[in-house]
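Chains as they are written, first to last, in this note's numbering: chain A, 1 to 550; chain B, 1 to 550.
It should be emphasised that the hints constitute simulated quantities derived from the structure, not laboratory data. Here the structure is a predicted model, which means the values were calculated and not measured. A hint or two may mislead.
Some, not all, of what chain B presents toward chain A, calculated at C-beta under 10 Å [to be verified]:
hint : residue
1    : G3
2    : T8
3    : W14
4    : F132
5    : D147
6    : T151
7    : S155
8    : E158
9    : T193
10   : M212
11   : G239
12   : W388
13   : A402
14   : D406
15   : K410
We put the CB at the ideal spot given by N, CA and C, even for glycine.
Below are the chains, spelled out letter by letter.
Protein chains: 2
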Amino acid sequence: MPGGTDQTLRPFLWRATNLYSDTEIVSRNHDGMQRYTYSEYEGRTSQLANALDEYGIESGDRVGTFCWNHSRHFETYFAVPSIGAQLHTINPLLPDAHIQYIVDNADDELIFVDQSLASKLAGAVADADDEFDGVDFVVMGHEAADDLEATPYESFIEGHATDYDWPDVDEDQPAGMCYTSGTTGNPKGVEYTQQMLWSHTMASQTPQGIPMADDDVVMPVVPMFHVNAWGMPFTATAGGAKQVFPGPSPEPEDLATLIENEGVTISAGVPTVWLGLMEYCSEHDVDLSTLETVIVGGSAAPKSMVEWFDTQGVEVLHAWGMTEMAPIGSVSHLKSDLATADYDTQVEKRSKQGLVVPGLEFKVIDDDGEEIVWNGQEFGELWIRGPWVTTEYFERPEANEADFEDGWLKTGDVVTVDKDGYIKIVDREKDVIKSGGEWISSVELENAIMAHDGVAEAAVVGVPHERWQERPVAFVVPAEGADRETLVDEINELLADEYPKWWLPDEIEFIKEVPKTATGKFSKKDIREEYADQSLVEGQVPDEAAPDRN
Amino acid sequence: MPGGTDQTLRPFLWRATNLYSDTEIVSRNHDGMQRYTYSEYEGRTSQLANALDEYGIESGDRVGTFCWNHSRHFETYFAVPSIGAQLHTINPLLPDAHIQYIVDNADDELIFVDQSLASKLAGAVADADDEFDGVDFVVMGHEAADDLEATPYESFIEGHATDYDWPDVDEDQPAGMCYTSGTTGNPKGVEYTQQMLWSHTMASQTPQGIPMADDDVVMPVVPMFHVNAWGMPFTATAGGAKQVFPGPSPEPEDLATLIENEGVTISAGVPTVWLGLMEYCSEHDVDLSTLETVIVGGSAAPKSMVEWFDTQGVEVLHAWGMTEMAPIGSVSHLKSDLATADYDTQVEKRSKQGLVVPGLEFKVIDDDGEEIVWNGQEFGELWIRGPWVTTEYFERPEANEADFEDGWLKTGDVVTVDKDGYIKIVDREKDVIKSGGEWISSVELENAIMAHDGVAEAAVVGVPHERWQERPVAFVVPAEGADRETLVDEINELLADEYPKWWLPDEIEFIKEVPKTATGKFSKKDIREEYADQSLVEGQVPDEAAPDRN
Ligand SMILES: Nc1ncnc2c1ncn2[C@@H]1O[C@H](COP(=O)(O)OP(=O)(O)OP(=O)(O)O)[C@@H](O)[C@H]1O
Ligand SMILES: Nc1ncnc2c1ncn2[C@@H]1O[C@H](COP(=O)(O)OP(=O)(O)OP(=O)(O)O)[C@@H](O)[C@H]1O
Ligand SMILES: [Mg+2]
Ligand SMILES: [Mg+2]
Chain A
1 MPGGTDQTLR
11 PFLWRATNLY
21 SDTEIVSRNH
31 DGMQRYTYSE
41 YEGRTSQLAN
51 ALDEYGIESG
61 DRVGTFCWNH
71 SRHFETYFAV
81 PSIGAQLHTI
91 NPLLPDAHIQ
101 YIVDNADDEL
111 IFVDQSLASK
121 LAGAVADADD
131 EFDGVDFVVM
141 GHEAADDLEA
151 TPYESFIEGH
161 ATDYDWPDVD
171 EDQPAGMCYT
181 SGTTGNPKGV
191 EYTQQMLWSH
201 TMASQTPQGI
211 PMADDDVVMP
221 VVPMFHVNAW
231 GMPFTATAGG
241 AKQVFPGPSP
251 EPEDLATLIE
261 NEGVTISAGV
271 PTVWLGLMEY
281 CSEHDVDLST
291 LETVIVGGSA
301 APKSMVEWFD
311 TQGVEVLHAW
321 GMTEMAPIGS
331 VSHLKSDLAT
341 ADYDTQVEKR
351 SKQGLVVPGL
361 EFKVIDDDGE
371 EIVWNGQEFG
381 ELWIRGPWVT
391 TEYFERPEAN
401 EADFEDGWLK
411 TGDVVTVDKD
421 GYIKIVDREK
431 DVIKSGGEWI
441 SSVELENAIM
451 AHDGVAEAAV
461 VGVPHERWQE
471 RPVAFVVPAE
481 GADRETLVDE
491 INELLADEYP
501 KWWLPDEIEF
511 IKEVPKTATG
521 KFSKKDIREE
531 YADQSLVEGQ
541 VPDEAAPDRN
Chain B
1 MPGGTDQTLR
11 PFLWRATNLY
21 SDTEIVSRNH
31 DGMQRYTYSE
41 YEGRTSQLAN
51 ALDEYGIESG
61 DRVGTFCWNH
71 SRHFETYFAV
81 PSIGAQLHTI
91 NPLLPDAHIQ
101 YIVDNADDEL
111 IFVDQSLASK
121 LAGAVADADD
131 EFDGVDFVVM
141 GHEAADDLEA
151 TPYESFIEGH
161 ATDYDWPDVD
171 EDQPAGMCYT
181 SGTTGNPKGV
191 EYTQQMLWSH
201 TMASQTPQGI
211 PMADDDVVMP
221 VVPMFHVNAW
231 GMPFTATAGG
241 AKQVFPGPSP
251 EPEDLATLIE
261 NEGVTISAGV
271 PTVWLGLMEY
281 CSEHDVDLST
291 LETVIVGGSA
301 APKSMVEWFD
311 TQGVEVLHAW
321 GMTEMAPIGS
331 VSHLKSDLAT
341 ADYDTQVEKR
351 SKQGLVVPGL
361 EFKVIDDDGE
371 EIVWNGQEFG
381 ELWIRGPWVT
391 TEYFERPEAN
401 EADFEDGWLK
411 TGDVVTVDKD
421 GYIKIVDREK
431 DVIKSGGEWI
441 SSVELENAIM
451 AHDGVAEAAV
461 VGVPHERWQE
471 RPVAFVVPAE
481 GADRETLVDE
491 INELLADEYP
501 KWWLPDEIEF
511 IKEVPKTATG
521 KFSKKDIREE
531 YADQSLVEGQ
541 VPDEAAPDRN
């Protein structure tokens with residue numbers, strides 16, 4: 001049969017270590033700054049591969065990590081998949097019950113854990129039934145862990161040969177695994193085959209993705225425990241870029257220092273990371289001159305973030321993705337015919353979730369099962385498919401039945417698409433509020449409310465209603481020093497100006513904090529469970545809580 | 001089994017027609033300039049797909065083209081593979097016997113042929129035994145052909161629906177086919193699966209390849225009948241670029257006009273194309289200001305070409321490839337750590353065949369079967385493998401036995417690799433001259449000879465020798481007005497300055513013209529057959545025609 005050799009990660013490592021042997025990998029590790037070259041990286045990765053062999057890891061086995069972003073974690077990124085095993089990155093911020101479920105479900109053999117996260121993991125282990133039976137631990141560094149019986153990483157790899165005769169791994173072999181954030185329900189397992197990771201790396205490298213070359217210095221702030229830090233360690237290796245890992249719980253100061261000292265050109269993270277850096281920069285003198293691109297995703301990037309980085313000469317690329325797609329789906333590059341548009345129009349476009357990257361196809365299905373028109377108004381659920389979009393969840397036959405159709409992933413994201421093809425996420429399907437059969441975007445209302453100075457955070461959820469099915473209620477965390485007396489009226493006015501009457505929340509409740517998921521997103525599931533009760537809107541619902549159809 | 005959907009070309013078309021529906025495709029067709037949008041392109045491509053269905057083309061069938069670079073040819077590029085059939089591009093410059101062999105070997109059902117090439121094809125058909133039995137013809141345009149019974153293309157597609165329900169094609173399905181140039185022997189058939197073309201497109205789109213975006217205007221001068229014009233029509237579509245097709249037998253004036261009128265940013269072709277343009281520019285006032293990148297490959301780009309384009313503000317990217325790899329293997333981007341090197345060093349590096357693109361692996365094997373050291377000195381045969389490198393020839397079991405090993409393609413190219421990883425082709429294995437068991441690079445000697453003003457072309461080949469196995473003879477085409485009396489001595493002196501004694505040709509012969517292959521390369525096979533006789537060197541070989549081993 002004609003065809004080329006299999007699509008695997010190994011050649012990316014081969015290329016970097018041969019063409020860029022002296023290029024640096026810099027890491028803020030638990031035991032201090034680590035600085036070595038791709039060539040030394042390859043040696044240590046080979047040592048790790050030999051150690052995994054000796055430990056007994058075989059093709060198809062799963063190896064877990066419970067770690068921040070650092071060089072040892074990066075060593076597992078190539079060693080584990082390239083011996084034919086599967087790297088399962090575990091989010092250490094999850095509640096114990098989720099961690100127990102995930103380790104058990106994935107059947108991990110061995111888990112690499114950070115010194116600073118060992119006691120957290122030990123807690124989950126102590127508390128477990130049989131979920132951790134037969135699982136061994138390696139703790140990242142030279143020292144043993146206090147609370148966990150674990151081999152120090154350096155002893156684990158010590159004495160092993162610095163070369164390894166890498167096998168030819170099949171492209172259909174699962175190489176990675178990650179669970180979704182659990183924003184809308186229990187985390188779901190997603191397996192990444194070698195081919196999926198290869199495809200994702202190549203698509204990231206296109207001009208329509210987030211390309212990296214040998215003159216780049218790449219710092220993923222987005223955690224390596226979540227969707228492979230958006231694949232950046234693989235993409236940077238393919239491009240031969242210098243890599244900078246910001247280590248355990250990086251603070252804005254750490255990021256600023258690394259950007260300045262290492263000359264970071266590309267970085268990536270969720271909006272809160274950049275809000276933190278922006279605040280830090282307003283109080284300190286930070287040199288961002290080397291920084292060219294900041295990728296923002298995971299949650300929506302506010303326009304003000306795009307604008308602030310513009311003033312610093314840094315291009316924000318707003319990206320949308322999902323664990324299910326390793327994760328990149330769209331990136332908000334400015335189209336060339338918008339180069340002459342006025343600045344506000346440009347920011348408007350760049351603040352959307354962007355243009356689908358080459359290799360993927362999508363469609364948007366409305367409530368009646370029809371494809372929407374691309375006019376920036378109509379909305380529906382985004383369906384997507386492609387070589388790096390999973391076509392099933394791990395061991396979840398019911399979810400598979402519901403979430404996939406003919407290779408399409410039903411994303412659960414509700415979007416508009418404008419005539420230029422920019423996708424904008426207006427809500428999650430599970431969060432969208434259905435009043436009288438029509439949709440109200442909870443995200444739109446939240447953003448409008450959060451634009452008020454007196455509001456720190458706001459979440460809008462639907463509460464059940466007999467006649468209209470659901471009605472919106474806003475849960476608001478007032479900003480420090482805000483006048484609670486007038487706030488409700490002001491919010492009501494502000495919304496009434498912008499939205500139809502039937503969109504307006506029937507109740508505004510103050511809360512102390514919006515509950516968050518382990519990846520830092522608003523957990524509306526928790527809000528609904530904790531607060532949302534239909535009694536909240538009793539007697540406050542308008543007579544006509546749906547658009548006038550006549 | 002986990003994994004994404006298949007890797008096929010269709011989503012590239014889908015993206016371009018949806019995101020860049022108004023972007024233009026401009027073509028110098030036989031019947032005048034054609035200018036339409038991606039959206040109209042998609043309509044016509046769908047019509048063609050419907051017409052192919054009606055004609056009876058089925059999944060797996062082969063459809064040939066015998067055409068220059070133009071928009072109708074481009075319509076076959078997506079229509080044929082996307083209905084599951086296979087596009088076989090035939091080089092119309094091949095001798096009739098090769099054409100007959102190729103059409104028969106590939107078992108083409110239907111051939112699309114240009115108006116201007118119809119009589120050439122008719123000749124091959126008239127002359128054939130049964131090679132064309134059952135083959136039908138469609139002639140590109142509105143009119144019938146004079147010498148060939150053929151349906152006009154416009155009648156063929158007319159009346160068919162402008163949309164098409166594209167099937168899900170398997171990624172292992174052969175989508176394309178091309179025969180090698182026949183430089184070293186008979187052309188060999190290479191099939192491209194959907195996955196290979198997808199991989200090649202993505203690898204081309206990396207910063208290490210030849211990336212294209214929506215602000216680019218892409219003009220492939222390299223023929224679409226040879227290795228899909230280096231994949232550019234696919235890459236440009238994936239990137240949403242404007243495309244310009246230079247039509248039948250483009251002259252330098254045509255290229256200059258298209259560059260100026262259409263604002264071409266990226267173009268690609270073999271060295272002779274650019275020599276032609278350079279000459280034209282020296283005599284005419286041509287505005288190259290929009291041109292950013294010129295890709296040169298197929299044969300070695302002379303340094304002077306790199307330098308001349310630099311003076312025009314155009315970056316030459318020297319690329320190496322093979323029919324067997326769809327075709328891109330390496331591109332000579334300047335490494336970032338050479339950004340501060342002096343200009344001569346930079347040109348030296350950029351004139352090499354370049355750095356391997358991400359996704360491939362290579363090794364270089366010397367005469368003793370050992371891998372060479374990357375020091376720019378040692379040389380050996382280049383072996384390469386990857387997802388878009390074929391692992392077999394079409395129906396050539398003997399060649400397959402000889403040319404492939406464990407997924408590696410033995411390229412037949414003899415190369416050095418310097419410490420920076422730049423590959424330099426020093427010869428073809430079949431052309432390299434073996435004197436006393438040691439290699440002499442025929443290409444080095446030719447380049448040195450051609451540097452002489454009095455020389456138009458030169459080819460150096462080995463003639464058999466009893467004691468030393470082979471000895472070099474130079475075949476020289478003197479330049480117009482050159483002094484033949486002194487030329488031989490001057491060449492001998494020039495070579496003696498640079499090369500060891502045992503490398504020097506034992507004879508220099510004048511000839512009228514160096515025979516060329518159908519892709520315009522020196523055909524040393526023909527020189528050897530026509531001229532190279534061992535009597536040429538009788539009595540002229542030095543006593544020690546090998547390096548001193550002591
Ligand atoms: N740039 C963005 N703007 C807005 N939302 C985004 C953006 N990027 C990602 N998202 C949201 O994040 C989701 C993907 O997140 P992830 O895969 O981490 O898990 P989750 O969907 O939050 O959790 P779960 O699937 O378990 O409910 C997307 O479906 C989308 O809702
Ligand atoms: N930039 C370049 N510099 C020098 N040689 C090149 C370059 N690019 C390609 N080549 C030569 O062209 C070859 C590939 O050409 P192609 O596939 O068209 O057929 P061919 O090798 O000439 O013919 P055949 O394989 O039938 O003998 C390479 O193997 C190499 O020898
Ligand atoms: Mg999700
Ligand atoms: Mg060849």
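Going down the list of hints, with the structure as the test:
| no. | hint | verdict |
| --- | --- | --- |
| 1 | G3 | 5 Å, holds |
| 2 | T8 | 9 Å, holds |
| 3 | W14 | 5 Å, holds |
| 4 | F132 | 24 Å, violated |
| 5 | D147 | 34 Å, violated |
| 6 | T151 | 30 Å, violated |
| 7 | S155 | 32 Å, violated |
| 8 | E158 | 29 Å, violated |
| 9 | T193 | 5 Å, holds |
| 10 | M212 | 7 Å, holds |
| 11 | G239 | 6 Å, holds |
| 12 | W388 | 5 Å, holds |
| 13 | A402 | 18 Å, violated |
| 14 | D406 | 8 Å, holds |
| 15 | K410 | 14 Å, violated |
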